[in-house]
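Chemist: The lines below spell out each chain.
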Amino acid sequence: MIRPPFLTLPLVAALGAACLWTIAALAALPAAQWVLPVAGPQDLSPEQILFAFGLMPRAVIALLIGALLGLSGALMQAVLRNPLADPTTLGVASGAQLALVCATLLWPNMLALGPGPVALVGGGLAALIVMALGARRGFAPVTVTIAGMLVGMLASAISTALTLGQGHYLLSLVIWNGGALSQDSWHGVTRLTVVLVLGAAGAALLVRPLVVLSLGGATAKALGAQVGAIRVAALALAVFVSAMVSAEVGLVGFVGLAAPALARRLGARSVAQVLLAAPLAGALLLWLVDSALLALAAFGLPELPTGALTGLIGGPLLIALLPRLRNIVPPEAERNDTLPPRAPHPWRRVALLACAAVAFAVLSLFGTRGPEGWGVISGAIAASFVPLRATAILAAAAAGALLALSGAALQRVTANPMAAPEVLGVTGGAALGYAATLFLLPAPSPLALALGSSGGAAATLIILSAYAARSNMAPARLLLAGLAIGAFASALLAAIMASGDPRAWSLLGWLAGSATRVTVAGAMALAAMAVAALGAALLLSRWFDILPLGSGVAQGLGVPLGTVRLAVVLAAGLATGAASVLVGPVSFVGLMAPHIARSLGLLRPAPFLAASWCLGALLMSLAAFGARTASYPYDLPLGLFATLIGTPWLFIALLGRRHA
Amino acid sequence: MTLFTLENVCFDVPKRRLVDHLSLAIKPGITALVGRNGSGKSTLLKMLAAQTRPSAGTIQYGGQDLRDWKPRDFARDLAFLPQVTPPTEGLWLEELVALGRYPWRGALGRLGPEDRFMIDTAIAQCGLEHKRGQMVDTMSGGEKQRSWIAMMLAQGARSLLLDEPISALDVAHQIDVLGLLRETVNAGALSAVVVLHDVNMAVRFCDHVIALDAGRVALEGAAHSLLDPDALQRIYGLPMQVIDTKPSPVVHPI
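For the record, the sequence lines run as chains A and B. Start counting the first sequence at -8; every next residue gets the next number (this note's numbering). Start counting the second sequence at 4; every next residue gets the next number (this note's numbering).
Quick caveat, the hints were computed from the structure, so don't treat them as lab data. Careful: at least some of the hints might be erroneous.
[What the hints assert, rightly or not] FRET-style restraints, in silico, Cβ to Cβ:
1) S170/B / A347/A: 36 to 42 Å
2) A123/A / A171/B: 30 to 36 Å
3) A171/B / L189/A: 46 to 52 Å
4) Q137/B / P639/A: 34 to 40 Å
5) L354/A / R119/B: 44 to 50 Å
6) A171/B / L119/A: 32 to 38 Å
7) V202/A / D68/B: 33 to 39 Å
8) A123/A / D140/B: 23 to 29 Å
9) T55/B / A512/A: 35 to 41 Å
10) L119/A / D140/B: 29 to 35 Å
11) S170/B / T210/A: 22 to 28 Å
12) D247/B / V202/A: 35 to 41 Å
13) A171/B / Q217/A: 32 to 38 Å
[To be verified] Some but not every residue of chain A turned toward chain B, in silico, with C-beta under 8 Å:
14) L531
15) Q546
16) G549
17) R595
[Said to hold, decoys possible] Among chain B residues calculated to face chain A with C-beta under 7 Å, some are:
18) Q54
19) W72
20) P74
21) A78
22) P89
23) A110
24) G240
25) P242
The beta carbon of each residue, even a glycine, is placed where N, CA and C say it ideally should be.
Turn these sequences into a full structure, and let the hints guide you.
Modeler: Written out as structure tokens, the structure is:
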């Protein structure tokens, strides 16, 4: 069992949390007036009501939520045999959030039964998609985590779009997104206690089957266990528990990741021990964090949502956990991908794609949707409109090409078809740089903002490269480190949004991306960069032939591996930073275009890179055209439109049948 | 003349020393590295291939310290085959073998007639002429291993380092791959260092043997010196017998 010395740390944490909470409580109300919430509110002063129905339930709810998230994370990690699984990394929390945003906006009647069922549906759907993606690769931990974080990013992107579309109506949702634990009654506590009792009972029933499952699917089957049924039951329980938490307080990130890790660190080894210790660790952790925030607020600091702060802990934690992965990743499971047949004349296909991109750009330059419907722009209007429009189209196409080329290059370097600039956290870093410029300068110019976001992207890359150099650039770890940085950035952004500052809205607008504000010089620079990048990539295509064969072969052939990988990652990062100034941080073009190129049978590096480049330009100009015309006369955000048209395709491609 | 000279080479991972003060001279010809799992064979081979650096001590190759070799010059002189050959997404055999010319042409140089000649010779030597346009990933295990060896030959290197090249093959393909290695080494006056698990294969195809136990040398000498029950007991910690039979004696655990 857990040895006594390891009880010291939890005791210290509990004591610390209690002290901090007491400080906050004393600042709100002198100890002499403290009351228990048994008396009716009519007998109490307003301060006493705040204490008995605000502060006290808040402490209890922090403990409950920590315990529930710890339980949920421990269950997910046990089922998937993946120490990186938790409601945040598997996209369940974001799925629940998206469902709630949708319901609030589109079908308010559905909330009649409370947010619980809606959150459960959203979280469950997200989990289903992630599991379907993971099943194709034998539930390999890295793949499942990447798929989960992609689903999570997509869900948050759509939530952002909806939030943006409805403006101030959803301000409360934005705050909810940040995971605020403030309470005004004991109802939340009652509801979550019921969930905890149900969850604990379910987990108790599942302990023995999960122990058998921890030996691996094949062994468990040989021992006569119903592997499928156990997995479904345990995951369903974990999703239920985390969706209920989401419904109650919103996104509280990474507690489900941290709690089991802490439990193991403190000596819990077997599945049963972790399932028991993780909820306790989670409860203490969240109470400590929340009490610290309360105490800080009592001293006049701004009140931050607790969930955003746990997100800040989560990113670094994910990186710290990565070295544990080495022994449990079955190498074969990470790559059982089969490929489409190779195209017989790859360059013909590339030429066709290039023609399509040019033709579409011309079409969207002159084609238009006006008050009288669809038509061709002409006459005097054309003279004034075409230059403006050409600038926007050129910028969008160049940004798309840059993102796609970065994605294609990163996929070759990491030998992982899930690699993309969005996944590497570069766009998250760019967003932080943009936010920092926005808040630090009184009235930032577009150039300052562009420099700010490129600086953010570059800083992300420097951190990433420093980390990656230490672990010898192992591709899977690089991806996960990137995801961790992305998670860190989005947690920080959520905190900024929740601050309610008016500048947050300008940030939200940029996050969605727009090509209409770009200058002629900016568009030309971006286009020049795209052409130069393509030239360099084609010139060096032999590297992209050797790098996917892994470090052993590459080093054996005398490729200066460290330098080459660093150069490619840095170039991809700069390109992404420049492009995301225009289209916002999430577009998935960098992931989609290379996938389409592969499915067209363009497997050799040179045609693959060139085709990805063309497809990126085509996809983004398609998105620009759609964003301009879909809801005429209003422009929709560009990056968001690209995400919305591209992602369904991406899921079909990832889920669809592979060529045998 | 020696191929490699090792002086006091150590390799440490946290809390464990995998290779312990090795001082060795590896001679030209085919050298087999044998020993139990975890005895440090693969680590030693990776250090010889400059894939990892020793924690202490020096390794000389061709009279020059490994640290002083430039990566591409080294790759022109020495080819390395990892234990697990990576998947080759969409590569044809011919294209895989052509990658062996990288050390000579770099990222930008065009392949000339000399390179074509090397590629064709390597493919012919490995008996794969009829497979030139086939995807390597769709080949059988034996053919795949031959394709990788063809890539090493196209490198034009004097020394070949192979990490358990036959561990995933059936017995016919084991003989096939090691026979190919023996032939090419003889034909081109090359040298090879091969990690092997099968003592009988080592005796049959190799000239020299180095046996490791817990990172130290347990036996060093001609390949047939393995045909000694005492030496085998030292290496594998298991009583073994040497059965004298035709055409050559075989080793078998009791």
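Chemist: Regarding T55/B and A512/A, is the given constraint of 35 to 41 Å on their beta-carbon distance met?
Modeler: violated (49 Å)
Chemist: Can the suggested window of 22 to 28 Å be confirmed for the beta-carbon pair S170/B and T210/A?
Modeler: holds (24 Å)
Chemist: Between A123/A and A171/B, does the C-beta distance stay in 30 to 36 Å?
Modeler: Check passed, 32 Å falls within 30 to 36 Å.
Chemist: Under 7 Å, Cβ to Cβ, is where W72/B needs to be relative to chain A, so tell me if that hint holds or is violated.
Modeler: violated (10 Å)
Chemist: Using the Cβ atoms, figure out if A171/B sits within 32 to 38 Å of Q217/A.
Modeler: holds (33 Å)
Chemist: Close enough to count: is the Cβ of R595/A nearer than 8 Å to one in chain B?
Modeler: Result: holds, 7 Å to nearest chain B Cβ.
Chemist: Using the beta carbons of D247/B and V202/A, state whether their distance is inside 35 to 41 Å or not.
Modeler: violated (53 Å)
Chemist: Take the shortest C-beta to C-beta distance between Q54/B and chain A; is it under 7 Å?
Modeler: At 5 Å from the nearest chain A Cβ, Q54/B passes the 7 Å test, so the hint holds.
Chemist: Close enough to count: is the Cβ of Q546/A nearer than 8 Å to one in chain B?
Modeler: holds (5 Å)
Chemist: Quick one: are A123/A and D140/B within 23 to 29 Å, going by C-beta?
Modeler: holds (25 Å)
Chemist: G549/A was flagged as interface toward chain B. Is the shortest Cβ-Cβ separation under 8 Å?
Modeler: Nearest chain B Cβ about 3 Å off; hint holds.
Chemist: Grab the minimum C-beta distance from P242/B to chain A and call the hint holds if it beats 7 Å, violated otherwise.
Modeler: violated (33 Å)
Violated hints for the displayed structure, listed by number in ascending order: 1, 7, 9, 12, 19, 24, 25.
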